[in-house]
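A.B. asks: The primary structure of each chain is shown beneath.
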Amino acid sequence: MSLLYIVSWVEFSPIKPEVGLLFWSTVVFAIFWLIIGKLAFKPIIRALNDRSNTIQDSLDAAKIAKEEMKNLRSENDRIMAEAREEKMRIIKEAKDAANLIVSDAKDRAKEEAQRITINAKNEIENAKMAALVDVKNQLGAMATDIAEKIIRKNLSNDTSHQEYVKKLVDEVKMN
Amino acid sequence: MGKTFAQEGYNSHSTPTETSKPLSSPDQDTENQSLINDHSHNDSHSEQAHETHSEHEFKADETAFHHISDLNVYNIGPWNFPLPCILYAKDQGWSIFSSSNFDIDDHHHGSGNKAVDRYALNKGRVMRIIDSSFPMGEVSVEGFKLEEKEVEGKKKETNFVIANGQKYELEKSSTIDGGLFGGGITTFFDFSITKNVFGMILVIGLISWLFLGMARSYKRNPGSAPLGSQKLFEPIILFIQDEVAKPFIGVKYERYMPLLLSIFFFILSLNLFGQIPFFGGANVTGNLAVTLVLAVIVFIVVNLNGNKHYWEHILWMPGIPAWVKTLITPIEILGIFIKPVTLTLRLFANIIAGHIVIIIFISLIFIFGKAGAEPGAAYGASVASVLLALFISSIELLVAFIQAYVFTLLTASYIGAAIEEHHHTEADHH
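If you're matching them up, the sequences are chains A and B in order.
By my numbering, the letter at position 28 of the first sequence is numbered 45, and the numbering carries on one by one without gaps.
By my numbering, the letter at position 105 of the second sequence is numbered 996, and the numbering carries on one by one without gaps.
FYI, nobody ran anything at the bench for these hints, they're computed from the structure.
Heads up, the beta-carbon is just placed ideally off N, CA and C, and yes, glycines get one too.
Any given hint might turn out to be false.
[As the list claims (entries may be wrong)] Keeping only pairs whose Cα atoms sit at most 25 Å apart, straight-line, the calculated PhoX-like set for lysine-lysine is: (1) B:K950 - B:K1040; (2) A:K55 - B:K981; (3) A:K59 - B:K1122; (4) B:K1122 - B:K1137; (5) A:K59 - B:K1143; (6) B:K1230 - B:K1199; (7) B:K1199 - B:K1137; (8) A:K55 - B:K1110; (9) B:K1110 - A:K59; (10) A:K55 - B:K1040; (11) B:K1199 - B:K1216; (12) A:K112 - A:K123; (13) A:K138 - A:K123; (14) A:K184 - A:K166; (15) A:K109 - A:K123; (16) B:K950 - B:K1261; (17) B:K1110 - B:K1143; (18) B:K950 - B:K1046; (19) A:K127 - A:K138; (20) A:K59 - B:K1261; (21) A:K166 - A:K153; (22) A:K55 - B:K1046; (23) A:K153 - A:K112.
[What the hints assert, rightly or not] Example chain A residues on the side facing chain B (calculated, C-beta under 8 Å, incomplete): (24) P31; (25) G37; (26) L38; (27) L39; (28) T43; (29) P60; (30) I61; (31) I62; (32) A64; (33) R90; (34) D94; (35) R95; (36) M97; (37) R101; (38) I107; (39) Y181.
Okay, chain A solo, but in the shape it has when bound (with noise of 0.2 Å):
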């Protein structure tokens, strides 16, 4: 009751709702709501709602972008150990190649060699069996001609003797 005392006795207006300010409350509440509302506020919500789904977007994007670079590296890795095995296999079976070629060399070279000394061993067998035979015509003229010149002063005037050295000389001759 204290409260309504005091406003029966002193004025005090702001608890009375006036007509007036009713009215022009209503209007301009009423214009800001359904104007300002429509005109403002709706595009605005809307603009930030895109503007979120936009930055969500772009988030998830990245993401997924983010994952596959993690998939790509992965493969990448993935590539670089294969290559590096295959450089390793490479290498390996050049390594061997070369092995087997050097062996392969060196065995051509051994039967080469061996082929060679074989070929030379027949040619010295051959020079030595020509030299052989040479010294044996060496020999051979030199007896002759010892025998020659001894026969010679014992048949300087036999004829028979001549004519049997003369055959004999046709001999070696046709020989």
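On the provided structure of chain A, position chain B as indicated by the hints.
C.D. replies: Just chain B now, with coordinates in the frame of chain A:
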């Protein structure tokens, strides 16, 4: 009516000895002059000012109530700026004119030195002279007074205007409180652009312009980082959306966002506007009419959007015994109407309380200084009052935000309750 009161004399409020004095021109009668609350156009009495001052005791409550009231003038400091008056009385139709036609007196809370078409400006408020014998057009006014009058066995404070040496009863404009707070429908309606209406149009116009500009700039460069006013308002808008609308309303929140944002910014901007000192202190959100309009709009929106489940829960709450339902239903129906009432009163009381407290603290200077009689005490009190007023002002800034938030939050929760889909009712039917 005016004549009978005039014969009693217009100083009946004071001692019986004074009532016997003859009705002379108030300009020559100092005794009478002191009884006229708003004596005006009376500069010849300035020498006797200190005499009358001691009789004019400073009343902090009157000062406070005057400052928080709606007026037909806009007073900034000692100046009173006229506002348009749009008045309607059944027997004399519409009267539209500027309140400057009242010849506003700058020294006495904006009372008018003239009456226009049976309307007079008493302490910044337009009142109507009931007596139909009072002449139309501009009539010079000698003063106003407040005295008790017997109405239906009850004493009632009534305003009178003194003109042509006679006393005429004044009537306030119509209010819709039905006499509950001392108002009621009278013979005229005041649709004027009052201080509150002017402040409201000014502030809402300003923020409308701001928001329209913001909306344009969102349209112009979509998806870009916020610029200018967007930086300031964007977090608030997002706060209302994410912390108020989404949790309380749910998936359909976007439909109600314009309403929630309108309510929030309407209340917030007017709360803050009322806090500006020496700018008229338009107490818009601390006026029951304004908060009532907001609450009624919320009430209409909530109940128009209420779905089947909402009404079912109010009228015939499912899942409880029938005899309990008969108890619950009246309470629920009462609840529909209590909600807007609490919305109205909460905002009104919080804002008006802040205004009154600040004015009372400032008034301490005048109370201690005995209205200029003790300047030393006034200086001492001013230090304390300024500190106290500063403290309350800071709190009021917080209250401005909190009340706007609370009103919006409750609106969202009422809407949410009205449109919520209740799934548990299906389980009850099994």
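A.B. asks: Going through the numbered hints above, which ones does this structure break? Give me the numbers in ascending order.
C.D. replies: 2, 10, 20, 22, 23, 33, 34, 35, 36, 37, 38, 39
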